[in-house]
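Undergrad: Start from chain A and add chain B according to the hints.
One letter stands for each residue in the lines below.
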Amino acid sequence: MSLINSINNLIIKLATKYYKVVFIVIVILVLLICYFGFLSQKIADIRSYRISDYREKQIELEERQSYLASLKELNTHYNAWKEKDIEEIEKVLPPSEDFPGIFSQYEKLATDAGYTLRDIQIYRSVDKKTSEKVDASLTSSNVGVLNLQLGLEASSEYGYDNFITLLDTVEKNIRLTDVITLSFSPGKEQYRLNLKTYYLYP
Amino acid sequence: MTDINLLKDTRSTQEGKQGDQKPPREIELSTPDSKVMRHKSLSSQAPESFWSRIFKSKKKDKSKPEVKKGKARNIKDKDPFTDIKTAEPVVMAKLNKPIPKKQDLKAVREPDRLSQPVMAAPVSSPAPVPSKVKSKEPKAKNEEPKIFKKEPDSPVIPPEPKEKSKKSIGFFGRLFKKTKVKKVPEAPALKKVKPEEEPKPKTKFEEIKTPKSPVIIPDKKEKVDKTKDEKKAISPKKTKVKTGFLASLFRKPQVEEPPKPITLKDKERKADKDKPVKQVDLEKKLTEANELSPSDFGVNLMPEELEGDMLLAKKRLVQFGLLALGSVIVCLLVFAGLFLYESSIENKTTNLGQEIGIVEEEISLYREMQKSAINLKQRTDAIRDLMDEHVYWTNFFVKLEEYTAENVYFISFSGDITGGRVSLTARAASFLDVGRQLLVFQEASDFLEEVEISGASISAESTNLGENSTERPVVDFSINLQVIPSVFNKVQKEAD
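Those sequence lines, one after another, are chains A and B.
The first sequence runs 1 to 202 under our numbering.
The second sequence runs 203 to 698 under our numbering.
Since the hints were derived computationally from the structure, they do not count as laboratory data.
This one's a predicted model, so the numbers in the text were calculated from it and none came from an experiment.
Beta carbons are placed, not taken as given, at the ideal position from N, Cα and C, and that holds for glycine.
Hints are supplied without guarantee of correctness; some may be wrong.
[As the list claims (entries may be wrong)] Here are the simulated SDA-like pairs of lysine to any residue, each with C-alpha atoms no more than 20 Å apart in a straight line:
#1 Lys196(A) / Thr620(B)
#2 Lys20(A) / Leu524(B)
#3 Lys57(A) / Thr552(B)
#4 Lys692(B) / Thr582(B)
#5 Lys108(A) / Ile120(A)
#6 Lys42(A) / Lys550(B)
#7 Lys196(A) / Asp590(B)
#8 Lys573(B) / Tyr67(A)
#9 Lys57(A) / Ser546(B)
#10 Lys91(A) / Phe103(A)
#11 Lys517(B) / Asn9(A)
#12 Lys196(A) / Ile122(A)
#13 Lys108(A) / Glu189(A)
#14 Lys692(B) / Gly621(B)
#15 Lys172(A) / Gly114(A)
#16 Lys196(A) / Val624(B)
#17 Lys72(A) / Gln572(B)
#18 Lys516(B) / Val27(A)
#19 Lys172(A) / Asp583(B)
#20 Lys72(A) / Glu564(B)
#21 Lys172(A) / Gln105(A)
#22 Lys601(B) / Tyr160(A)
#23 Lys82(A) / Met571(B)
#24 Lys601(B) / Asp618(B)
#25 Lys17(A) / Lys516(B)
#26 Lys91(A) / Glu107(A)
#27 Lys196(A) / Gly622(B)
#28 Lys17(A) / Phe522(B)
#29 Lys516(B) / Leu14(A)
#30 Lys550(B) / Ile59(A)
#31 Lys42(A) / Tyr543(B)
#32 Lys579(B) / Tyr67(A)
#33 Lys57(A) / Ala44(A)
#34 Lys91(A) / Asn142(A)
[What the hints assert, rightly or not] Partial selection, computed: residues in chain A whose CB lies under 10 Å from chain B:
#35 Lys57
#36 Leu74
#37 Val170
#38 Phe184
Isolated chain A, as found in the complex (with noise of 0.2 Å):
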């Protein structure tokens, strides 16, 4: 109890001595008390989850703002095409084969160069077209791929003038046709056409 007495009795002396050092020291522990006690979870709180998932509010916020604004700015051009334009478009790169197109176009075109159709032979073609300079995510993807065969048969007025005119007609088809083989023998007027026209399928 003495010691006890004694060692009170010296806190008592050293507290009343150097209490400005005990009050600094008191306010120092009572601040770190408080800060590890729950201001520190709290801090840590505000800023791992409440900042954060404001930050990430901002910025997706943002984000929207810009895809909504770009979305605008597609309307205002998308808007701008001319319905018939679009029609154009589709009628270059029909969203399908279009087999009856393909049959009545070819059959003008020989015709309005002086031909006659006489067959023609369409293979599906598995394999799409492919090319490094076309963009492999449209042509291998979307982009179909229909090999025709046609038969023309001219009369014998008819001679090189007009063969060149069918290949300028068949080169500016609006279907988008390219030829592949070309031949011709003399005598019989028959020409072979190996053609690759092309389609956008979804």
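TA: Chain B alone, transformed into the frame defined by chain A:
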């Protein structure tokens, strides 16, 4: 603390007898604040003669203190007559005696009376002891101290002891003087207290004449000790000084502290002392005094320095507590601020979520348009790519016309865009023309990569010009061409 000057009182009594107006008894009181009870002895027995001490040595139970200069207080405290052990019974004895009147003060001054010690009760004494208190000043013996007239209704008049140095008792008076202590009936129980002894050098006279045994009061010791213990705790440590006869003869008057002003409290206390006290009351008060704590007496035993330290420590502790509390409050305020900040951030986040929802709704309005636009864009992009790879056979034929020699024409044609191989059957008028055509094809670097003529043969070609048909020789030959791929491209056509 009472100092009683018997000489003055005696003189005053004598003067009172001689004169008409008897001066009131003079009482000088020391301040009660000193908290230390001091006793002044009645020195009536001090100048006892050598012979009287010889004859009464066995009966005498109190040694005579010899007052030395500078140690008056100690000597006085150790005076057996002023000791509390003896003082209390005397007081009690006096209380039981009939109260002397003013005119009978002579009786009080009788030697046997004078020999009775009178004690001034301390401030905190529980039992009021009637006594005449006077603080004696050595320098101002003739000065008249403050005079208080004794109240007429005061029933108790304590004896007025004379001061030893001024006592006018003769040798024989002193020789046959008795120092009996009268018994006081029903006195409180007293304890035996060992006198404190301090080793002090003794003179020859002291060694021989002073009694070695401590002062013991018979019969009433235990009762007196009980009160003495209490007073001892208050009074400072006393030093016992043994004095001899010769020393007592040449003893100098004690130096006393100057009297302090008498306060109203002292007056009241004096009035209380003057009142008659019953034995029962005394006992009652003594028991009450034993039960009371020191704080009830208004006595603080703690040293002022320590008390100040404790007060300061308490004050600091309170300040520490307040500081800690303030710090906690600050932390709580910070926590509240953080809470508010968190709630504000939550509100902002919620608002942002609402804004995002509004934007999403607006975006959903453009969903259909977006699909159409995307489809259109894909289509246009595909068309662009296909157009870049579009095959223009017309370009080839234009070039072929350009690089065809005179007198040469083509009969059949077969071409494949995949390898760029073109096979032609041509007819020339002569072999010379065949050679020229070969040379032209070889020089057509922007059209053909490779030219090959497999063979040429002469044949007859019939021509019908009206009724006349003619035949002319012609040369047929085959040509294999490796065409430059760019010839079939659009750029080439535009350049042409």
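Undergrad: Please go over all the hints and tell whether each is borne out by the structure.
TA: Hint by hint, here is what the structure shows:
| no. | hint | result |
| --- | --- | --- |
| 1 | Lys196(A) / Thr620(B) | holds (12 Å) |
| 2 | Lys20(A) / Leu524(B) | holds (14 Å) |
| 3 | Lys57(A) / Thr552(B) | holds (9 Å) |
| 4 | Lys692(B) / Thr582(B) | holds (18 Å) |
| 5 | Lys108(A) / Ile120(A) | holds (13 Å) |
| 6 | Lys42(A) / Lys550(B) | holds (18 Å) |
| 7 | Lys196(A) / Asp590(B) | holds (15 Å) |
| 8 | Lys573(B) / Tyr67(A) | holds (15 Å) |
| 9 | Lys57(A) / Ser546(B) | holds (15 Å) |
| 10 | Lys91(A) / Phe103(A) | holds (14 Å) |
| 11 | Lys517(B) / Asn9(A) | holds (15 Å) |
| 12 | Lys196(A) / Ile122(A) | holds (9 Å) |
| 13 | Lys108(A) / Glu189(A) | holds (19 Å) |
| 14 | Lys692(B) / Gly621(B) | holds (18 Å) |
| 15 | Lys172(A) / Gly114(A) | holds (16 Å) |
| 16 | Lys196(A) / Val624(B) | holds (19 Å) |
| 17 | Lys72(A) / Gln572(B) | holds (10 Å) |
| 18 | Lys516(B) / Val27(A) | holds (19 Å) |
| 19 | Lys172(A) / Asp583(B) | holds (19 Å) |
| 20 | Lys72(A) / Glu564(B) | holds (10 Å) |
| 21 | Lys172(A) / Gln105(A) | holds (12 Å) |
| 22 | Lys601(B) / Tyr160(A) | holds (14 Å) |
| 23 | Lys82(A) / Met571(B) | holds (14 Å) |
| 24 | Lys601(B) / Asp618(B) | holds (16 Å) |
| 25 | Lys17(A) / Lys516(B) | holds (13 Å) |
| 26 | Lys91(A) / Glu107(A) | holds (17 Å) |
| 27 | Lys196(A) / Gly622(B) | holds (16 Å) |
| 28 | Lys17(A) / Phe522(B) | holds (13 Å) |
| 29 | Lys516(B) / Leu14(A) | holds (13 Å) |
| 30 | Lys550(B) / Ile59(A) | holds (13 Å) |
| 31 | Lys42(A) / Tyr543(B) | holds (11 Å) |
| 32 | Lys579(B) / Tyr67(A) | holds (17 Å) |
| 33 | Lys57(A) / Ala44(A) | holds (19 Å) |
| 34 | Lys91(A) / Asn142(A) | holds (16 Å) |
| 35 | Lys57 | holds (4 Å) |
| 36 | Leu74 | holds (5 Å) |
| 37 | Val170 | holds (8 Å) |
| 38 | Phe184 | holds (6 Å) |
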